[in-house]
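Peer 1: So you can see what is in the structure, the chains are spelled out below.
2 protein chains.
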Amino acid sequence: MKAIVNVYLKQGVLDPQGKAVHHALGSLGFNGVNDVRIGKQIVLDVDSSVTSDIIKEMCETLLANTVIEDYNFKLKP
Amino acid sequence: MKAIVNVYLKQGVLDPQGKAVHHALGSLGFNGVNDVRIGKQIVLDVDSSVTSDIIKEMCETLLANTVIEDYNFKLKP
Numbered sequence: 001m002k003a004i005v006n007v008y009l010k011q012g013v014l015d016p017q018g019k020a021v022h023h024a025l026g027s028l029g030f031n032g033v034n035d036v037r038i039g040k041q042i043v044l045d046v047d048s049s050v051t052s053d054i055i056k057e058m059c060e061t062l063l064a065n066t067v068i069e070d071y072n073f074k075l076k077p
Numbered sequence: 078m079k080a081i082v083n084v085y086l087k088q089g090v091l092d093p094q095g096k097a098v099h100h101a102l103g104s105l106g107f108n109g110v111n112d113v114r115i116g117k118q119i120v121l122d123v124d125s126s127v128t129s130d131i132i133k134e135m136c137e138t139l140l141a142n143t144v145i146e147d148y149n150f151k152l153k154p
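Line order of the protein sequences matches chains A and B. For the first sequence, this note's numbering gives the first residue as 1, with consecutive numbering after it. For the second sequence, this note's numbering gives the first residue as 78, with consecutive numbering after it.
So that you can see chain A by itself, here it is in the shape it has in the complex:
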């Protein structure tokens, strides 16, 4: 089973990496980009015994810093 966890900075938290990419895209001539935000995608290969409650606990304790980050996840069989 795969658990796909997306971790991203909360709205309002400054994202310097995203800003840098945004600027670089402009320099390369890509127009029409208004904003860039960069987060993490964590793909866990887990046993079928791992429930979404356990994944949630993993996110809260290790995978996301909930002070500045939000997360969502989905479990795929």
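Here's a subset of chain A near chain B, in silico, CB distances under 7 Å, partners left out:
{"hint": "1", "residue": "V36"}
{"hint": "2", "residue": "I42"}
{"hint": "3", "residue": "L44"}
{"hint": "4", "residue": "D45"}
Just so you know, the hints here were simulated from the structure itself, not pulled from any lab data. Glycine residues also receive a C-beta, built at the ideal position from the N, C-alpha and C atoms.
Please arrange chain B on chain A, whose structure you already have, making use of the hints.
Peer 2: Chain B alone, transformed into the frame defined by chain A:
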């Protein structure tokens, strides 16, 4: 319009960040995790003039290092 780009290491490319998280999950008592891979999720806020061909070009030239990384993306209205 939002373009959501996922960039992840190709299979076979060592992922030390993923290995560290895998190990840390084990130390915290989370069992049943077989593998962890960590990639990037880049969320671009783009004008409606930006087509998927343009997003593809952004990925090839800047967002992904295609020597060691694969990517996929979807455009959401």
